[in-house]
Amino acid sequence: MLFSVIGNYSLFLGLFFGLVLIYLSVKNFKNPKLLDTKILSFTFLQFFLVVISFLCLVLSFVLSDFSNETVFNNSHTTKPFFYKIAGTWGNHEGSLLLWLLVLTLFILIFLIRTKNQPIKYRILTLMFQQIIIIGFFIFLIKTSNPFNYIYPIPTEGLGLNPILQDPALAIHPPILYLGYVGSSIIFSSVLAATTLNIVSQKWASHIKKWALSSWIFLTLGILLGSIWAYYELGWGGFWFWDPVENVSLMPWLALTTLLHCILVLEKKLILTSWVIILSISTFALSMSGTFLVRSGILNSVHTFANDPERGLFILIFLFSLIFLSLFIFFFFHKTNKNNLSSFFWLSKETAIIVNNWFMMYFLSVVLIGTIYPIFLDVLSSQKISVGPPFYHKLIIPFLVPFLLIMAIGPKLKWIKSNLDDKIYLISLLIISIFLSILIVKNFSPNFLINTILISSALYLFFITLRDFFIKGFKNLAQNIAHFGFSLLILSILFNSLFSNEIITNLRVGEIFQNTKTKIVFKSISQKKEKNYRSIIGNFIVQDSKGKIENLSPELRIYNQPNIATSEADIKTTLLSDKFIVINMVQNQDFFNVRYQVKPFMLWIWLSVILISFGGLVSFVKKDYEK
Amino acid sequence: MKNKLLPFSIVLIFITIFIIFYKGLQDTNLYTPEVKTNYEVPSVSVELFDSGKIVNTLEIFNTDKFYLLNIWSSWCVPCRQEHLILMDLIKNDNLKIIGINYKDTKKNAKKFLEELGNPYDKIIFDNDGTNAIEWGAYGVPESFLINKNKIIKKYIGPFSKESMEEIKLFIK
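Protein sequence lines, in the order shown, are assigned to chains A and B.
So the first sequence is numbered by the working numbering: it starts at 98 and just counts up by one.
So the second sequence is numbered by the working numbering: it starts at 9 and just counts up by one.
Pulled out of the complex, with its shape left as it was, chain A reads as follows (with noise of 0.2 angstroms):
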């Protein structure tokens, strides 16, 4: 009750201290000598308001106190200590908060990380960012207070959704959040450049910071998002095309191309529009993300809790924001004309831009496949849902110049080149080809564009991984980080062409085989946790080589609320996963069984983490160098 009281009220002292910032701000912009001293204090101020308000929550959740309802909705007293505190964030209310919480932290690095920036660009900085905050504060107070009483006070509260209880997810939000509201700083930042006319060389070294934490925490949080919907949501797969995927794809793909855009920005003043335009759109899509996720415009497998009311301030929160940064880019960006006339076909800012334009393309695929369902709704009420295969036909042709030019590119020179060791390449090239034709030969029914695919990112592989040799420590980061994408495109290309499903109903004591697999269901047995009943099937595969695998999937009835999951039981090998996972069947003494051998997964995260780590390199090197 006490926590709730003053959580609430740090709050509105918060959104207090925002509009004080302003003000400020206002003040200072127009005698910009000195950054006045209680900005800073102010900033920290509501920063500290923040954490307060959020360890409030998270002292409510530990507590179990159901006098407040976000308590009441989504825990449980005999739920595990740790998912109590990770359903601080496993809900609507406390997601915002930690939102919030990192919106009030970046900005505060921000003007702590400045101090040799020009002071009229760290004021507007701080004043676009405010508006930001304070927005997100009147969402939070208005529509989704985390601190609402109940009375009468429940004994008990309702428990968090079973799938949400899980060490992957317990992560996963604050990562991504991370990596979402970091692109918030580049949009304050970049709109206080354009202002200012000051997106230059300098101004992109200085940015280019923030925009690869930004982007290294919302691949790591991809990356558990697409882990625990593999092993949670038992269909085995990694990545669903589903809406709530894509809307944290796009911010991705935007933030990758802005991040290669920020590269040629550095070496040469060009490409300040697409830098611009960019940043804007990262940080709208991350929010257009927050507006079709949470405003249940979408269907969705994961939907989550949604209000209308929410959806329409997000949208006009949304709009607005668009709307004034379409009128400074307008406004006050001025295209330099004299490098626009200097490209030679021929260059590494060529190659840049052209693959900028493919990821463009992916990106528009993405957004049209999420949004265009809503928009034949809303026009002739018609329902459809885009599914793999629309993605699959538009994406991957695509991906075979776009891999060539990625492996090619960083070869080139900035301004004018001519293609050196030629013989190399081609030869890496034919070797390519040739590997692949003797991997799809005997598998595949699609020869033709598998053969093209698979030779396209062995090529990348290949002279990726050559790099490593010839040049050492020169642009490590960016070979690290375009090795692990060959290697996460050869994973998931052979992960799709060899993996083996076998779908089958057993009972106790039955046996399943074919040439290749035995599957024996030898028993099941049961388990009483605190918070969870399970019963477990324990089998024994066998493969074509003989090799013996003992595996038990489980199915766990959660009492609070009362939900039936499905945990599957996942063997990783070096080479590849054997998953298996159980399904009742209503009325029946049978247990739907459904095992998958599948090849490379550890590789597709392991190759994520490698694309991130490269981005680290990136980030960490330029800091030595200073």
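Derived by calculation from the structure, the hints in this document are not laboratory data.
These figures come from a predicted structure and were not determined experimentally.
Each hint should be verified, as a subset may be incorrect.
[Unchecked claim] Capping the alpha-carbon separation at 25 angstroms, the derived lysine to aspartate or glutamate pairs in DMTMM-like fashion look like this: (1) B:Lys156 <-> B:Asp101; (2) B:Lys119 <-> A:Glu166; (3) B:Lys118 <-> A:Glu253; (4) B:Lys115 <-> A:Glu626; (5) B:Lys119 <-> A:Glu253; (6) B:Lys31 <-> A:Asp339; (7) B:Lys162 <-> B:Glu174.
[As the list claims (entries may be wrong)] Ranges of calculated distance between the beta carbons of each label pair, as one might list FRET restraints: (8) A:Gly484 <-> B:Val85: 42 to 52 angstroms; (9) B:Gln89 <-> A:Asn659: 24 to 34 angstroms; (10) A:Pro485 <-> B:Tyr30: 21 to 31 angstroms; (11) B:Gln89 <-> A:Asn602: 44 to 54 angstroms; (12) B:Phe16 <-> A:Lys135: 33 to 43 angstroms.
From the three backbone atoms N, C-alpha and C, an ideal C-beta is built for every residue, glycine too.
Knowing the structure of chain A, use the given hints to seat chain B on it.
What follows is chain B alone, placed relative to chain A:
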């Protein structure tokens, strides 16, 4: 002129998108319930509160009597006031009251009924609130007057004296 056209058209595009999203929000299909009157009772399987049995809703409302479907919860304060009205209404022979126990725990719900009396002929246990959505409900308390498997009238919020009189008129 050309320079003015570009910003103008971009702003126009965004305004269009805004309007479409706005309209999309108005008829969100998943969790915004419509006011359904003169509609058939939705046919869904539900869990009964006492026995835990799974039955179809159509089996519950199958006689020619009038039914009042009342969505309630032990944590809902207005439900307490309304409960007294329900206890009064149940004196009518022509009316049966069916409850949907919304996002509640059985323990709390039982305590609530012990304290205030049980007007319900049957109670549907709707732990996660999905059943209420099938009915097109906004929240608690809310009631539907049903006759011959058709929803005649919907009452949002607790009953007033007038709505009680109205129900009595309907039943006659």
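Taking the hints in turn, this is what the structure says about them:
no.	hint	verdict
1	B:Lys156 <-> B:Asp101	holds, 16 angstroms
2	B:Lys119 <-> A:Glu166	holds, 20 angstroms
3	B:Lys118 <-> A:Glu253	holds, 13 angstroms
4	B:Lys115 <-> A:Glu626	holds, 21 angstroms
5	B:Lys119 <-> A:Glu253	holds, 13 angstroms
6	B:Lys31 <-> A:Asp339	holds, 22 angstroms
7	B:Lys162 <-> B:Glu174	holds, 12 angstroms
8	A:Gly484 <-> B:Val85: 42 to 52 angstroms	holds, 45 angstroms
9	B:Gln89 <-> A:Asn659: 24 to 34 angstroms	holds, 29 angstroms
10	A:Pro485 <-> B:Tyr30: 21 to 31 angstroms	holds, 30 angstroms
11	B:Gln89 <-> A:Asn602: 44 to 54 angstroms	holds, 52 angstroms
12	B:Phe16 <-> A:Lys135: 33 to 43 angstroms	holds, 41 angstroms
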